[in-house]
Amino acid sequence: MGSAAKTVNRIFRFYYDGFRTMSWWGKKVWIIILVKLFIIFLILRIFFFPDFLKVNFSNDRERSDYVLEQLTGNN
Amino acid sequence: MIENFDLSLVNWSRAQFALTAIYHWLFVPLTLGLSFILAFMETLYVRTGDEMWKKITKFWMTLFGINFAIGVATGIILEFEFGTNWSNYSWFVGDIFGAPLAVEGILAFFLETTFVAVMFFGWNKVGKKFHLASTWLVAIGASLSALWILVANAWMENPVGMAFNPDTARNEMNSFREVVFNPVAVDKFLHTVTSGFVLASVFVVGISAWFLIRKREQELARRSILIAGIFGLVSGLAVALTGDSSARTLAQVQPVKFAAMEALYEGKSDAGLTVIGALTDSGEKIGEKKVHGMKLKIEIPGLLSIMTTGKGDGYVPGLKDLVNGNPERGILSVSEMMERGGHARQVLIDYKMAKELGDTDSMAMLAARFEDKDFVENYFRYFGYSYFDHPWQVIPSVPVTFYAFRVMVGLGFFFILLFVLAIWFHRRKTLEKNTWFLWIALFSIPLAYLASELGWIVTEMGRQPWIIQNLMPVHVAVTNISAGAVRTTFWLFAVLFTALLIAEISIMVRQIKIGPKQ
Numbered sequence: 015m016g017s018a019a020k021t022v023n024r025i026f027r028f029y030y031d032g033f034r035t036m037s038w039w040g041k042k043v044w045i046i047i048l049v050k051l052f053i054i055f056l057i058l059r060i061f062f063f064p065d066f067l068k069v070n071f072s073n074d075r076e077r078s079d080y081v082l083e084q085l086t087g088n089n
Numbered sequence: 134m135i136e137n138f139d140l141s142l143v144n145w146s147r148a149q150f151a152l153t154a155i156y157h158w159l160f161v162p163l164t165l166g167l168s169f170i171l172a173f174m175e176t177l178y179v180r181t182g183d184e185m186w187k188k189i190t191k192f193w194m195t196l197f198g199i200n201f202a203i204g205v206a207t208g209i210i211l212e213f214e215f216g217t218n219w220s221n222y223s224w225f226v227g228d229i230f231g232a233p234l235a236v237e238g239i240l241a242f243f244l245e246t247t248f249v250a251v252m253f254f255g256w257n258k259v260g261k262k263f264h265l266a267s268t269w270l271v272a273i274g275a276s277l278s279a280l281w282i283l284v285a286n287a288w289m290e291n292p293v294g295m296a297f298n299p300d301t302a303r304n305e306m307n308s309f310r311e312v313v314f315n316p317v318a319v320d321k322f323l324h325t326v327t328s329g330f331v332l333a334s335v336f337v338v339g340i341s342a343w344f345l346i347r348k349r350e351q352e353l354a355r356r357s358i359l360i361a362g363i364f365g366l367v368s369g370l371a372v373a374l375t376g377d378s379s380a381r382t383l384a385q386v387q388p389v390k391f392a393a394m395e396a397l398y399e400g401k402s403d404a405g406l407t408v409i410g411a412l413t414d415s416g417e418k419i420g421e422k423k424v425h426g427m428k429l430k431i432e433i434p435g436l437l438s439i440m441t442t443g444k445g446d447g448y449v450p451g452l453k454d455l456v457n458g459n460p461e462r463g464i465l466s467v468s469e470m471m472e473r474g475g476h477a478r479q480v481l482i483d484y485k486m487a488k489e490l491g492d493t494d495s496m497a498m499l500a501a502r503f504e505d506k507d508f509v510e511n512y513f514r515y516f517g518y519s520y521f522d523h524p525w526q527v528i529p530s531v532p533v534t535f536y537a538f539r540v541m542v543g544l545g546f547f548f549i550l551l552f553v554l555a556i557w558f559h560r561r562k563t564l565e566k567n568t569w570f571l572w573i574a575l576f577s578i579p580l581a582y583l584a585s586e587l588g589w590i591v592t593e594m595g596r597q598p599w600i601i602q603n604l605m606p607v608h609v610a611v612t613n614i615s616a617g618a619v620r621t622t623f624w625l626f627a628v629l630f631t632a633l634l635i636a637e638i639s640i641m642v643r644q645i646k647i648g649p650k651q
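Protein sequences, first through last, are from chains A and B.
Residue numbers for the first sequence follow this note's numbering, so the first one is 15 and each next one is one higher.
Residue numbers for the second sequence follow this note's numbering, so the first one is 134 and each next one is one higher.
Just so you know, the hints here were simulated from the structure itself, not pulled from any lab data.
Hints are not guaranteed to be accurate.
Said to hold, decoys possible - Computed list of lysine-lysine pairs in DSS-like fashion (alpha-carbon distance at most 25 Å, straight line): (1) A/LYS20 <-> B/LYS261; (2) B/LYS188 <-> B/LYS258; (3) A/LYS20 <-> B/LYS258; (4) B/LYS422 <-> B/LYS401; (5) B/LYS191 <-> B/LYS262; (6) B/LYS262 <-> A/LYS20; (7) B/LYS187 <-> B/LYS258; (8) B/LYS188 <-> A/LYS42; (9) B/LYS258 <-> A/LYS42.
Excised from the complex, chain A in its bound form (with noise of 0.2 Å):
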């Protein structure tokens, strides 16, 4: 095995070990922070936050258009 595989394989060790023998409140709390990714980049962020400039408009031209229009309109 080459220096660097070697390496690799260590951290892969380091990080395999501490998962595996993590103890009760890592593994709670990784649970929440799953559920939490999970919540919010898959729920919030595709059903409840899309970017409105970016899904509106196709291109930075047409964005800066529409901004332009709000800044000078009657707001």
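Knowing the structure of chain A, use the given hints to seat chain B on it.
Structure of chain B alone, referenced to chain A:
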């Protein structure tokens, strides 16, 4: 103009952002401060070889880990909100907001996540010194992450280092150095980070006090109180000093917020600093805004003038000066600023019309005005005032700002006293005897969170109605979407964050009750 805008949309968007930011900030300061406390404790372990310090470090590291894990990614939601609810603002700020946030993202990812793993998985697997270095890098990395967020926030309060491009309708950064060394950013970073250190110190002293009340883990508790007491005291004094420096900067760049914090309506030379006071309705008004009187006032004569101008007889403008103007003191009226801002907006309207007509000569001539120093300094800098109908609309909520500021400062001094007593009782070996102190220390934990949140309330409520000081009011920044959609996501967040908070508190309380591993 402002009356025609859907205020329910603006208010729900504001409420949603405030809710997210307040919850996010429940997690951040403990991470900032506890990481340094861990680093001090582990340093003592590595230097002395005393296993007790290792046990202490590992115990507090568990609580740090719970807080860090539950809080991680809660700030990302704020970035979602920028894109969905504040699209005009997001576009208008251009790369100025994006650049610091990108640096923060890279730093947070590489520095924190890599070394956090070493902190938790690396005991007995990496060398003592490497582990210690990782703990220090997590602490430094957390504060550096905060730096970039605070730089972005400070730009909103004092926009510098940029030029407005009318063609793209965006501000473009022309000096990264000016953005980073913005005086508001420097003060804000130092004040916010040190206040996080204070919160974490109160947390450690409070939990340790609980152990002493329960007559458990007494050695751990005593040593923890000493470390957190010293760190908290130094940080508390730093908070007071940086607060003083912030006030001076604030008086220059956000004088209306400063006057609102002091409920100062009439400008004064030899102005006193109000320590406490109760606001009353004076019956007078500035436009539609109430003018407050004050009773039960205790003030330190001349201190406000000294704090802001460095001279006892220095003039501190009041809200009336700032709204109506004071030519003798060189203060422009808001009406004048509205006129100048209106002129800048008219140039932008003319540019837009020229663009629609394809009149490239006029476009070039009008675009050049946004590069002209005189136009930028005397007209464009008041651009946002063109969106108001009445001068009084620039006044924030005086009671919220005034009381939030006083409670925050009062608690800050209370924590300094708490740390002094903690060190004193520790030195005299009388911590356990003074159970009254231990109970106060325990109940100070929620007060530390209250003070920390109040700091942001002063900052953000005090600068209303601006999202970017003088350039963009909040109602212009908001995306024109349905208020119902914002209301729905507001409640979704309320449920999500409350669940996270309950999870954090319950897991943390369980681990505290278990105590350190033997």
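Each hint, compared with the structure:
1. A/LYS20 <-> B/LYS261: Cα-Cα ~22 Å, so holds.
2. B/LYS188 <-> B/LYS258: 17 Å, holds
3. A/LYS20 <-> B/LYS258: 16 Å, holds
4. B/LYS422 <-> B/LYS401: 21 Å, holds
5. B/LYS191 <-> B/LYS262: OK: B/LYS191 and B/LYS262 at ~16 Å, within 25 Å.
6. B/LYS262 <-> A/LYS20: 22 Å, holds
7. B/LYS187 <-> B/LYS258: Within the cut-off at roughly 15 Å; holds.
8. B/LYS188 <-> A/LYS42: Judged against 25 Å, a Cα distance of about 22 Å means the pair holds.
9. B/LYS258 <-> A/LYS42: At roughly 23 Å apart (the allowed maximum being 25 Å), A/LYS42 and B/LYS258 satisfy the hint.
In summary, this structure violates none of the numbered hints.
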